[in-house]
Amino acid sequence: MKPRHLKKLTKKTGMPPGAVCYIGEQRDFIPNLNLIEYSPDFFEQKPIKRISEVDVAGRNHVHWLNVEGIHDTQLIEQIGEHFQLHPLILEDIVNTSQRPKLEEYDNCVFITLKSLVFNEKEKRVTPEQISIVLFNNLVITFQEQIGDTLSEVLERIKLSKFKIRGKGTDYLVYALIDLIVDKYYFSIEALGSQLELLEDEVFNNPSPVSLQKIQSVKHELLEVRRSVYPLREVINRFQKDDLDFINENNLKYFNDVYDHTIKIIDTIETYRELNAGLKDIYLSSISLKMNQIMQVLTIVGAIFIPITFLAGVYGMNFDYMPELHWKYSYPVFWLIILLIIGALITFFRRKKWL
Amino acid sequence: MKPRHLKKLTKKTGMPPGAVCYIGEQRDFIPNLNLIEYSPDFFEQKPIKRISEVDVAGRNHVHWLNVEGIHDTQLIEQIGEHFQLHPLILEDIVNTSQRPKLEEYDNCVFITLKSLVFNEKEKRVTPEQISIVLFNNLVITFQEQIGDTLSEVLERIKLSKFKIRGKGTDYLVYALIDLIVDKYYFSIEALGSQLELLEDEVFNNPSPVSLQKIQSVKHELLEVRRSVYPLREVINRFQKDDLDFINENNLKYFNDVYDHTIKIIDTIETYRELNAGLKDIYLSSISLKMNQIMQVLTIVGAIFIPITFLAGVYGMNFDYMPELHWKYSYPVFWLIILLIIGALITFFRRKKWL
Amino acid sequence: MKPRHLKKLTKKTGMPPGAVCYIGEQRDFIPNLNLIEYSPDFFEQKPIKRISEVDVAGRNHVHWLNVEGIHDTQLIEQIGEHFQLHPLILEDIVNTSQRPKLEEYDNCVFITLKSLVFNEKEKRVTPEQISIVLFNNLVITFQEQIGDTLSEVLERIKLSKFKIRGKGTDYLVYALIDLIVDKYYFSIEALGSQLELLEDEVFNNPSPVSLQKIQSVKHELLEVRRSVYPLREVINRFQKDDLDFINENNLKYFNDVYDHTIKIIDTIETYRELNAGLKDIYLSSISLKMNQIMQVLTIVGAIFIPITFLAGVYGMNFDYMPELHWKYSYPVFWLIILLIIGALITFFRRKKWL
Amino acid sequence: MKPRHLKKLTKKTGMPPGAVCYIGEQRDFIPNLNLIEYSPDFFEQKPIKRISEVDVAGRNHVHWLNVEGIHDTQLIEQIGEHFQLHPLILEDIVNTSQRPKLEEYDNCVFITLKSLVFNEKEKRVTPEQISIVLFNNLVITFQEQIGDTLSEVLERIKLSKFKIRGKGTDYLVYALIDLIVDKYYFSIEALGSQLELLEDEVFNNPSPVSLQKIQSVKHELLEVRRSVYPLREVINRFQKDDLDFINENNLKYFNDVYDHTIKIIDTIETYRELNAGLKDIYLSSISLKMNQIMQVLTIVGAIFIPITFLAGVYGMNFDYMPELHWKYSYPVFWLIILLIIGALITFFRRKKWL
Amino acid sequence: MKPRHLKKLTKKTGMPPGAVCYIGEQRDFIPNLNLIEYSPDFFEQKPIKRISEVDVAGRNHVHWLNVEGIHDTQLIEQIGEHFQLHPLILEDIVNTSQRPKLEEYDNCVFITLKSLVFNEKEKRVTPEQISIVLFNNLVITFQEQIGDTLSEVLERIKLSKFKIRGKGTDYLVYALIDLIVDKYYFSIEALGSQLELLEDEVFNNPSPVSLQKIQSVKHELLEVRRSVYPLREVINRFQKDDLDFINENNLKYFNDVYDHTIKIIDTIETYRELNAGLKDIYLSSISLKMNQIMQVLTIVGAIFIPITFLAGVYGMNFDYMPELHWKYSYPVFWLIILLIIGALITFFRRKKWL
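So the sequences go chain by chain: A, B, C, D and E. Quick note: the first sequence uses the numbering used here, first residue 49, plus one each step. Quick note: the second sequence uses the numbering used here, first residue 49, plus one each step. Quick note: the third sequence uses the numbering used here, first residue 49, plus one each step. Quick note: the fourth sequence uses the numbering used here, first residue 49, plus one each step. Quick note: the fifth sequence uses the numbering used here, first residue 49, plus one each step.
Note that these hints are calculated values from the structure, not bench results. Careful: at least some of the hints might be erroneous.
No distinction is drawn between identical chains; accordingly, a pair holds when it is met within one copy or between any pair of copies.
Derived lysine-lysine pairs resembling DSS-like cross-links, with alpha carbons at most 30 angstroms apart [what the hints assert, rightly or not]:
no., residue 1, residue 2
1, Lys300, Lys171
2, Lys171, Lys400
3, Lys261, Lys400
4, Lys149, Lys215
5, Lys266, Lys400
6, Lys211, Lys375
This structure is a prediction, so every number in the text was calculated from the model and none was measured.
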């Protein structure tokens, strides 16, 4: 259940729009800023101490400012001021419960999306918010944590052999989104494996815990879905809109990421159906188990209750009970008992209850 | 269930359209009128006694007439006359079961929406209808009750430091809607917490009351949904339409509120799914409990019914029952009983019923 | 179930289109025709004996010909001839199982819709078909029965104080539709009350009859829905289309009725969900009841079956049973019985089954 | 289940498109060809032996070639050649598992649809494929069987009094489609009656056969739906498209058939909902029956198990059991038994289990 | 469950776009290349050893390069280079978990789709990815395996009598897609037969295995659906778009395949509904069986428990029990027993439990 991101939002209610108010887990580290600058035959990466030192004008290179840590709202405001970002952008960057979206501004395009990490121990998907601001010769990325979420792209830039060095900021944005979307497969695969295990468990050894697991997988699938559905719309806007900062030759690439999100959505919907199916199977397994228990009780009861009555009859103390005095009464009694048992067992066999 | 707003509506059936007929709870207080006037360097707030004293022409300031209390239909009609409001607007203002909507008129834009308050005691969401009329230099707001629903915006206007002082009536409307939408989070958060508690309850200690709670959360989610879905359309019209009274530079802000409503709708739908899931879990918990009860009965029955038969046999009064006279019959009897019990327990253990 | 209107339809199969064939309940009365004529300063109402006397040309007044009773197909054909109505219009007027719709013809606009009456005794909604033909200076309405379905509008016309006297035929049509839609609230309210009662019943005293009531409410909600959904489309066409006979200034009013139908649809959908929820609650109440019954049986069984065995043991007739001859055996027996009972009750208490 | 039409289709897989391969039940009769020719003052109907004799040019009459029997693929190919039909048309005519559709060709419009017949004995709907080719002065219809499916239209043409004689081929096509759609009501009505009977059965006397009937009604409703949904699109294209062969004055008529299909679809959806509801009621009836059975067992068990224990106690053979020797023990025993029974019955009464 | 294609995808995460990385089952064989060249009066088929020998310029023939085996990524890259395919095309060809799609490039149209084979033994559908690149005078097809998936088209080309020899590359692509779609019927038919068998099984002899089969059919239907839904969109683009390489005269043919996909989708949805219905029937069969078992237990219990009590009463050892000493007590006892049994059986008969 845990309406995780909702609780935080109410903190912010009533604040003026554009207020830069960090909403997320408490974090202590000092944010990490890196400026990467490259062109087909140039590459430089340097840590940034003061935002005012950053100067992206002049040379015709691609610049990528990677900000790791968004809990220092003052820093975010300085960055906003330095690059003339609209207040609503700053508000969205630090609001970690933002829905993925794309906004076009006069001087830039703002994209915010979720990177998903599957936590193996807790069996739950934890989202990290990644915001991207796309200028003509600069891309700024904001991550919640210091980490290697985007490092594969950096590696590719470092090695000059890949196409990315010869392309502009739009291609860099594409590469980043493509990487994040690719990583969704890990979460989905993990949920898929859980479903597989659950299916085994439910068919072979269902317990109330299975049901909790099914509900938990449902939660996580809803979580992923909540990240991917709006992302699809975001990427679709790259395809459809005449965004100023996107080179028409690169549209094919966004097209490709779009296909990936569709595929992920397909898989999520399939998993949701299968998960719902598991619930039904679980419920029917329980019914089935009850059925078997009932059968045992019925068979034992139906056999012994009548013969117990018979034994009771010959335990009666009437003065005149001729059977009591016959010589072979006792063996005949046992014979009758065995006949009754045999008849009942045959009856149950025919009914397929035994 | 309580078709709250429906009952009232039938009162009004057959009345001519445009009839100003208050439909809502009986209220006694005298409505409260306040006129706020401001510009970047001016602020004045004064209570209004007679509507005829209000004059918004002349100075180039923003005016906000806040009407608290709509049960005095005469007053509403006077306001309508003074500002030349269309009869249908007046009808909608006092009809508190109105669906959120936006209507464009020649001289103004009319918006009606719901402010939601979550009543902690009754665990239910109670809506208050807020109507907003937007003119070029005047905004009129109508609330059902005297209260602080909109006070945060007033505070921001008072303090000159916020952007709102430098903007027009369209921004004021935005600020009001934004505030109301922000407050939805409280209701949703409250419902989310209830869901969390319910999930615990249903997994650990399900009772028929849980089911009533689940049905009640369903009611409340439907109630919120009924307010938010049409609201989304209302805000969408701000974005899409060429409304005369909206400055194009402020569209971004309405865009932002729109995102919030989408997010709220997302959450409501998620909660509805989880709530439906809880119902299934509840039903399965009941099945499970029954299962356990059946198991006890079965085990007790299956063990004792056969041995009771045996005891019955040796309580019979046949004259010739050789076992009765053997010396060790009684201890052997107990031995057999223990063997039977042991065998049955082993059988149940293997079946995992014990 | 009752596929009421379907049975009738098959009567008509194979007939040429435009055939005026009455499909509805057998009725005996003689249809009632009234011509109302009005302008801001004129009002006249007169019964019509022969349709040929009606002359609406000449004076610039609004005419309203109200026909009560459509089972006399000859009369309908005469009316059709006199006003040059298209054969398909006549066919639709007398076909009482018509779906609400709007058709534009060269000389008129034809609207057919359902007025709903909730029959308190049978707890079911019965629809009456109302057809409206809108000309430039004439409105013809056709009702199935003589009655006061449309009388509120007539009252408003009689009293000169209302706006309707100053408006044209389009406003009259609006007023009629508005009245009919307003009356829907009565049916919906009645179904809402039934739902409320059912909810109480299902929670407190569920019986198989409850389920039949739930199914019956489902029927009625489907019935209302079948009338309202197409009606929404009809009214929407007033808003959207450039219908020749509608004055643009009156569009606002149709807009308003449109909002009402949306609201009704919202409520119906809500009720359908709640009704479906009730079914689940009913089913779970039954499970619960069974649970409680099982518990009693289990507790009684689990307590008495073991001790009955013990009593059986000491009823055995073995020659050598030392306990039988001990002096305190009997009180000790009772002590053991009480201990067993105590232990089992404690066990059930802890399991929360008692 | 019976995937009737699918099995046949695989026969045809891998064949070149346009191959005229009959897919349907084996039939032996010789196809029946009739040419009807008419104008307002002319009517002629003659059987056709050789397709080459047919000549529709020359006189300005409407021609209708009615082909009964499509299993003779050679004949179909001859017809195709004579009238220059596109190969895909021929393929579709003989492929009886075709989905209803409309195709526009250079020289004609091709329509294929299903006529439904409800087989009372098997309680199932059997579709017959009707294909219609519309030329400027000729309509060709293809039916699977010799029969009177379209005879009502022929009757109307014969009698000169109906409008059809004065209209063109487009009106003839309309009349045919209208007839076929009208006949759908019979199937739907039959399914409706079945639903009614089922409802009674399920409420009063549910058995496993009821469930099979419910599933069977579901099959048939799906079957009808599969015919009607695409038909709606077909007729919609008459309304919307600028089909060359349709006179604008006759659009109204297609409009009317369109309304009928909508009505049929409405009814099907309603029936599907009610049928689904019946399944739930059936399941709950079963639960209920089980409930009642349990109650009997519980009441008998709960009453007799304790008193049997008491009887067992006084059947014990302890030497020292004072009660055994009191004079009034036996009547007191019965008194206690009656008290216990009375108390338990009161308890069950209060619980409403009796 | 088996998220078959997902596992493979994660291998590829983080790779630059356009990387040709084979994702699929390990395969060992050497890919097979064949070049077919034809015109109305020319046909040649030759195996290709080196891709550089292929020259499609010059003569005005249709060329078809069929590549069987895509696991040799080097070969794929050579082909890509030789025909100047976009890197994204190559990436998609070897990524066997691709969703069916159509991409338009400057020099060609790229189509990828799934051919489905139903594996009778495992009762599951296995997809093979077929990629098609359409140039002006050349079609390249890529299959995962050496096989006869496309051989029927080749046969038709070989025999000069079919239309295909006289048509261009667009018709060849149509013929290939048509063949693949036709083969879908086999899979669907197989699933249909399974459903038929399952229905029998579930009605007559339900077991937990039935439920597993139902879940398995659900899997396979989802699998087919995942292939067909996007395929429909692909074929739709042929109809709608102005694809450069498609002759307008051949649009009719794509239209026809489109109808087939719609029909397949219809059938899948029908099967999904029926399959879901089977689950309900299975669950109700289980309830029913339990019902019958309960009945036996109840009847046996309800009959014997009371009479056992009676037997117990007369086994008591009270000194003063007058009945014990009456002469006819014992036969009277049996008479009473028989009366009780008779009464109970009559009661159960009337309740229809027997």
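Hint check:
| no. | hint | result |
| --- | --- | --- |
| 1 | Lys300 - Lys171 | neither (36 angstroms within a copy, 39 angstroms between copies) |
| 2 | Lys171 - Lys400 | between (43 angstroms within a copy, 28 angstroms between copies) |
| 3 | Lys261 - Lys400 | between (34 angstroms within a copy, 21 angstroms between copies) |
| 4 | Lys149 - Lys215 | both (24 angstroms within a copy, 26 angstroms between copies) |
| 5 | Lys266 - Lys400 | between (38 angstroms within a copy, 28 angstroms between copies) |
| 6 | Lys211 - Lys375 | neither (106 angstroms within a copy, 100 angstroms between copies) |
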